[in-house]
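Just need the whole structure built from these sequences, with the hints factored in.
As given, the protein sequences belong to chains C, B, Z and V, one line each in that order. 5 is the number of the first residue of the first sequence in my numbering; add one for each residue after it. 40 is the number of the first residue of the second sequence in my numbering; add one for each residue after it. 40 is the number of the first residue of the third sequence in my numbering; add one for each residue after it. 21 is the number of the first residue of the fourth sequence in my numbering; add one for each residue after it.
It should be emphasised that the hints constitute simulated quantities derived from the structure, not laboratory data. Here the structure is a predicted model, which means the values were calculated and not measured. It is possible that part of the hints are untrue.
List time: in silico DSSO-like cross-link candidates among lysine-lysine, alpha-carbon distance up to 27 Å [what the hints assert, rightly or not]:
| id | chain 1 | residue 1 | chain 2 | residue 2 |
| --- | --- | --- | --- | --- |
| 1 | C | LYS315 | C | LYS141 |
| 2 | B | LYS160 | V | LYS91 |
| 3 | C | LYS232 | Z | LYS133 |
According to the in silico footprint, chain B covers these stretches of chain C (three or more CB under 8 Å from chain B) [said to hold, decoys possible]:
| id | stretch |
| --- | --- |
| 4 | 61-70 |
| 5 | 82-88 |
| 6 | 160-173 |
Every residue, glycine too, gets a C-beta built ideally from N, C-alpha and C.
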Amino acid sequence: SSQNQSSSNSNDKPIRIAMFILVRANSYDQARIDGVNKKAKELNAQVDIFSCEFNTLEQINQIQDAITSGKYDAFIIHPNDSNAVVPVVNEALKKGIIVIAADAPIGPDTRSLKPYPEGVKCVIGRTGWSTGTWLGKALLQAAEGLDKCKVAYLIGSQSQTIDRDRYEALKEVIKDHPNIEIVAFQEAQYRRDLAREIMQNVFQAHPDINVVVSSGDQMTLGAYDAAKEAGIEKNIKFIGNGCSKEGWQAIKDGQLFASYADIPYTQGELLVETAVKAVRGETVPESINLEELSPPLPPEGPIITKENVDKYQPQW
Amino acid sequence: MEIAQRKKFDFTKLQVILRNYGIILAFSLLFLILAFSSPAFLTYRNLHNIIDQSAEVGIVACAMTLAIISGNFDLSVGAIFAFSGCIAAIIAAKGYVGFALLAGIVSGLILGIMNGLIITKFRANSFIVTLATGYIIRGLAMILTGGRLIIVNDPVFSILGQSSFLGIKIPIFILIIWISITWILLGRTTFGRAVYAIGGNPEAARLSGINVDRTKIIIFGINGISAALAGLITVSRISQGQADIGSLVDLQAISRVVIGGTSIAGGEGTIWRTVFGVLLMRLMTNGFNILNVSPFYQRVLGACKTMLP
Amino acid sequence: MEIAQRKKFDFTKLQVILRNYGIILAFSLLFLILAFSSPAFLTYRNLHNIIDQSAEVGIVACAMTLAIISGNFDLSVGAIFAFSGCIAAIIAAKGYVGFALLAGIVSGLILGIMNGLIITKFRANSFIVTLATGYIIRGLAMILTGGRLIIVNDPVFSILGQSSFLGIKIPIFILIIWISITWILLGRTTFGRAVYAIGGNPEAARLSGINVDRTKIIIFGINGISAALAGLITVSRISQGQADIGSLVDLQAISRVVIGGTSIAGGEGTIWRTVFGVLLMRLMTNGFNILNVSPFYQRVLGACKTMLP
Amino acid sequence: MNKKQFLRLESINKRFGGVHALKDVSLTVEEGTVHALVGENGAGKSTLGKIIAGVYQPDSGKIYVDNCCVKYHSPREALADGIALISQEIALVPQLTVIENIFLGIENNHRGLIRNKEIRKRYYELIERTELSIPPDIPVYCLRIAEQKKVEILRAIARNARLIIMDEPTAILSADEAQKLFALIRKLKSSGTTFIYVSHFLEEILSLADNVTVMRDGQCVKTSPVEKESRETLIEAMLGRYVSLGFPEKIYPEPDAPVALSVEKLSREGIFYDISFQIRKGEILGLAGLVGSGRTEIARCIFGADPKTEGNIKVFNKIVNPTSPKEAINAGIALLPESRKLQGLILKLPVIYNISLPHLRKVASGPFIKLRDEHNRVKELLSTLNVKPLDPWIEARALSGGNQQKVLFAKWLFEKPKILIADEPTAGVDVGAKHAIYQLIHSLAREGIAILLISSDLEELIGLSHRIITINRGRITGEFSGSDLAEDKIMHAIFSTAS
Ligand SMILES: Nc1ncnc2c1ncn2[C@@H]1O[C@H](COP(=O)(O)OP(=O)(O)OP(=O)(O)O)[C@@H](O)[C@H]1O
Ligand SMILES: Nc1ncnc2c1ncn2[C@@H]1O[C@H](COP(=O)(O)OP(=O)(O)OP(=O)(O)O)[C@@H](O)[C@H]1O
Ligand SMILES: [Mg+2]
Ligand SMILES: [Mg+2]
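Here it is as structure tokens:
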């Protein structure tokens with residue numbers, strides 16, 4: 005059926021979507037692609053995936069090439085750099101291509117889910133700022149009842165806006181709690197082995213750390229490995245981000261205290277659904293905040309702890 | 040006997056041709072394949088894009104060709120790219136666009152010359168020195184920007200990367216001018232001769248009265264300028280400066296030079312080889328994007344092209 | 040007059056000492072600085088950690104030393120690291136732990152030998168060949184894992200990376216054994232002599248009856264094994280395999296070798312230099328973490344800490 | 021005749037680490053003369069030349085050029101004063117063409133842009149003036165060594181230097197090319213150019229030079245006009261004793277001695293054809309020919325370093341036909357290559373590594389080298405050959421040219437071969453050492469080693485060989501033995517084509 009493109013019957017013609025992501029070899033992205041593929045099959049859409057391997061210029065080139073190829077009705081863009089893609093997104097909009105922002109907003113304002121630039125149909129994701137706020141709340145919970153709470157924070161990549169926003173928001177939350185002090189702040193590249201090494205060293209200097217927070221479950225688990233090795237894992241509360249299958253299991257096993265749940269599979273489904281609707285001219289919401297989707301998230305929000313771990317199924 | 044001989048002769052001749060012109064062959068072949076596999080490929084717009092997208096790496100690779108022919112590496116170009124871009128963005132964000140561009144270029148030149156001075160004065164290996172200065176320079180860029188985006192809204196600043204003249208994007212003009220400059224420098228000037236000589240046999244060059252140190256300093260200065268130029272184009276394209284841009288530019292540039300057929304042993308090579316190296320790689324990525332080759336297979340296919348003679 | 044002479048003489052002598060033993064000096068200095076700046080540094084536990092954390096890069100760097108002395112590079116070790124790790128993880132996840140380890144090592148050996156064969160049979164530059172095969176091998180690792188984590192829950196599998204013997208972590212034993220093997224190979228065997236000879240002057244080596252090709256193939260085979268060994272340790276440490284691990288290992292290993300003082304021109308160098316190069320860099324990272332130096336400033340301070348994130 | 025002094029050195033000292041290479045050297049060179057430097061290997065001749073040309077800087081002492089005290093930091097500054105060096109080892113940019121090498125750094129240019137036409141004009145003028153012709157557009161790595169040397173000479177002359185330092189220029193030139201060079205030197209001298217000329221060929225010096233300085237152990241032992249000197253006085257000054265330079269008495273092998281090496285109809289397309297000869301156990305066979313006649317190629321082919329297109333190589337009647345040097349070595353063949361820098365030694369490595377390299381199995385048990393055995397045997401060899409300094413762990417590049425040649429010999433004596441091919445074994449070796457090498461070659465032959473000797477020094481070849489075959493353009497043109505071993509007959513065969 006893909007041949008009769010001249011057919012005017014819009015429901016028979018497969019809708020062609022280009023999806024631009026950051027990296028492919030990653031369980032999070034694989035889960036999201038699974039969601040995308042499932043929905044695409046249901047809705048008779050075809051989605052081509054472009055991965056830029058965290059290279060902003062490459063992503064711009066990919067979008068440019070996709071515009072030139074003239075094959076696509078809609079773009080789903082997970083921006084490697086929110087602001088840098090604006091010119092090329094404008095180019096796409098000018099060509100009449102539907103644009104959906106995935107995971108994070110496009111444009112200079114990374115703290116709200118308002119579509120930018122004008123013409124972008126929908127933003128489906130959550131901001132780093134709100135994730136950080138949730139992580140901060142979890143930290144407060146972990147610090148409850150402690151006179152002095154020493155915290156280590158592992159950031160994935162300090163040069164990523166979303167990661168920095170999370171950290172800034174978390175600091176904002178604990179601003180009024182002088183008993184909470186961040187004694188170590190290091191960059192662990194979202195890697196479990198590197199986080200383990202760094203925390204091995206940090207625990208040497210601060211064996212009395214109370215809470216470890218990171219912007220990725222892998223890193224939190226690496227920190228847990230290091231603490232277990234030093235025999236101090238029982239004294240420490242570990243907070244992760246993403247709530248991967250491993251993180252979820254670790255919460256269940258009492259190893260992790262909490263994790264912020266990401267729902268890539270649901271995101272993938274929503275992205276395709278929204279894109280298809282928009283191409284068909286149906287109205288779509290201006291933004292979908294993934295934190296507010298319950299189910300799959302528990303009704304009280306995206307923070308998963310031992311209390312609500314059974315009410316949530318990890319998606320990646 | 041006679042036949043065996045002739046065969047042997049032709050074989051070596053073929054080898055020589057392949058070694059010398061393999062890059063052109065590979066380029067033409069890929070061009071034809073793409074032209075036949077996708078109607079989108081052979082459009083003015085797409086070819087224009089290909090060259091436009093080659094600008095940054097192309098500019099850096101041309102200067103890198105000089106460094107490699109002289110038997111050196113510059114692994115700090117990625118960092119200079121970011122540093123100069125950030126300097127320019129910071130100044131441009133304050134409204135002084137012209138001054139921003141100037142400051143970007145000059146900072147690249149100064150950093151390049153510093154590389155050259157360190158390498159010549161301490162008789163140190165350029166690989167190690169530029170690896171280290173690259174880290175320092177990128178660290179400085181981080182401190183300069185506080186790790187944040189520097190957003191430039193001034194439309195004048197975006198001319199460099201986003202505007203067109205006579206329907207052709209400005210970066211293409213800059214690329215062509217830079218190719219011409221480095222080509223002439225290398226092929227037609229005494230400086231170019233000196234570059235080949237110090238790469239081929241530094242001792243012989245010294246005995247011939249070549250000022251080896253000065254030549255090296257100039258080479259690294261040129262590399263600094265090229266990195267700055269490329270950085271400015273990128274910053275202007277995306278209307279923002281950031282300390283972690285261009286992190287792959289150095290390795291990309293080196294691999295383009297080498298794929299073109301310039302030897303890392305030094306003493307040999309040309310600019311046109313590098314230009315073909317850059318275009319070949321860009322063509323391949325473009326083809327992958329147009330045909331939407333799966334990223335898994337992209338890697339495998341992409342690797343094969345590196346091994347071409 | 041006499042005095043001037045003596046001064047000069049001492050100066051050159053100092054230079055020679057610095058060139059030869061500068062790495063030891065730098066290491067001792069940093070060690071002292073850290074010992075005085077933090078009580079946490081000079082603890083058994085911390086020093087033990089430092090060596091434990093050096094295992095992977097140390098193992099790869101020792102083998103890389105052979106490659107660099109012979110005038111070659113192996114840029115595919117990072118990919119072999121990942122590939123072998125993934126192979127082992129996949130097999131171990133099915134429950135065959137012993138076979139998994141064997142398969143990991145053997146796959147590394149085979150990939151290394153293939154590198155060597157391509158380089159010798161096509162008389163190609165090792166830099167380019169391994170750059171390319173590295174891409175291919177990592178691509179294969181991705182296809183193998185489908186880009187997902189391979190989680191290994193078998194506690195036997197984690198012995199390699201996580202257990203201790205006599206209070207000392209297993210990776211430390213492996214590191215020490217591997218250092219000894221490469222040290223003896225290089226310093227005490229006919230093979231080691233051949234490595235130096237082909238790095239110093241391949242033509243003279245050939246005319247002395249050295250089998251240059253065979254020597255190169257063995258060198259790349261050893262590099263393959265070392266990468267696999269390091270990959271297995273990492274996978275065992277984190278109980279999971281993934282196609283993107285070890286992506287910096289090749290550059291890290293090369294920079295450790297070079298920082299130790301082995302020349303990339305080939306023909307010179309030793310294993311102890313590399314060991315000190317590895318330890319120096321690791322000491323630096325350890326210090327940064329213990330003293331909680333901001334990641335921004337780590338980059339600048341770690342100028343010679345080159346490739347570590 | 022009292023000429024203006026051009027160069028004056030005052031108590032120059034130079035050390036390399038522990039080696040005191042030049043000790044209080046003082047020297048005066050007059051304008052428009054040829055000033056020769058002679059001395060044993062390692063006496064410091066090359067070091068002195070390099071100091072004058074700005075390659076090395078002296079540790080102490082003063083240099084006066086035109087009575088001005090100068091201090092050169094690089095050859096560039098010396099060149100600006102008109103001082104050019106033709107160094108002992110070839111120093112050209114291999115990938116650049118002949119013309120590019122010659123005019124490197126002095127290209128005619130207009131604001132940095134090279135004007136090729138004018139350079140070409142200058143090139144042809146230069147060729148005409150010097151009568152040394154070389155095709156201009158070939159990359160120099162394609163040239164034979166002798167031709168590369170000519171490029172170096174042209175490079176020095178193109179700079180219109182007032183002082184040209186030539187460090188053993190004739191060591192790798194053939195007799196007729198050397199004659200051309202002498203004519204050129206005389207011509208340039210008459211137009212005022214000054215020369216410092218380093219050589220181990222005393223005849224050359226006696227006929228060419230005006231003054232001669234003899235060096236020994238880094239010191240100048242005497243300087244005098246050449247008319248007052250003779251071979252004998254020079255040798256005595258150099259060595260501190262007199263050495264007879266006669267060739268050792270030939271001891272012929274038994275007529276029924278077994279044939280050690282037999283080469284049958286050996287050909288390599290385009291290089292040489294139909295080469296057949298036999299060498300008996302204990303026999304020395306000389307290979308005579310002009311530079312480029314193909315002698316080196318024949319030797320390399322026998323050694324398995326280059327492929328052959330046809331023919332057989334037999335060792336003691338067994339076909340070996342080596343396809344790699346390793347096979348040749350295993351069959352008992354050894355090759356002393358003509359370029360010690362490119363093919364012979366690994367300059368970065370210590371002497372001991374170089375010497376034991378082809379025979380590691382002999383000092384190893386399994387893969388492990390017995391380091392003490394190795395050390396002892398190497399040390400013994402070095403002292404037998406009188407290598408200075410006697411340090412197995414010194415890097416080969418720190419040795420003087422002649423001592424490097426001795427190390428090269430030592431490499432093949434570590435384990436005695438059945439057949440030794442020696443390609444220009446005395447290139448760059450001082451008279452004393454040359455004599456020692458002659459003795460060595462003879463004693464090896466007496467021990468039963470078959471020797472194939474290649475030398476461009478015909479006198480040496482005749483003095484040493486039991487039998488000589490001549491090669492011209494890759495074909496054998498004659499064979500001489502007994503009373504036929506005379507210079508004129510052999511010369512004739514060298515120049516005649518095909519037999
Ligand atoms: N770069 C160097 N490093 C260390 N020692 C050196 C170096 N160059 C020369 N020497 C030493 O200095 C001394 C003089 O060497 P030089 O090359 O000047 O001798 P030469 O007279 O030219 O000998 P030859 O006739 O063999 O060429 C020798 O003992 C040599 O080992
Ligand atoms: N590198 C090379 N490239 C091209 N031709 C070469 C090369 N080397 C040698 N030849 C050619 O091979 C032939 C034989 O050269 P070869 O060097 O064997 O001569 P030879 O008699 O040993 O002279 P000598 O050793 O005195 O230079 C010559 O005609 C020469 O032009
Ligand atoms: Mg000398
Ligand atoms: Mg020869």
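Holds or violated: the stretch 82-88 of chain C covered by chain B, criterion of 3 or more residues with Cβ-Cβ distance under 8 Å?
Per the Cβ count (3), the hint holds.
Assess, step by step, whether the Cα of B/LYS160 is no farther than 27 Å from the Cα of V/LYS91, and give holds or violated.
holds (19 Å)
Given the proposed pairing of C/LYS315 with C/LYS141, does the C-alpha separation stay at or below 27 Å?
holds (20 Å)
Coverage of the stretch 160-173 of chain C by chain B, judged on three or more residues with CB within 8 Å:
holds (count 4)
27 Å limit on alpha-carbon distance, applied to hinted pair C/LYS232 and Z/LYS133:
holds (26 Å)
Between the stretch 61-70 of chain C and chain B, are there enough contacts, at least three residues with CB-CB distance under 8 Å, for the coverage claim to hold?
Three-residue rule met by the stretch 61-70 of chain C, so holds; n is 8.
Of the numbered hints stated above, none is contradicted by the structure.
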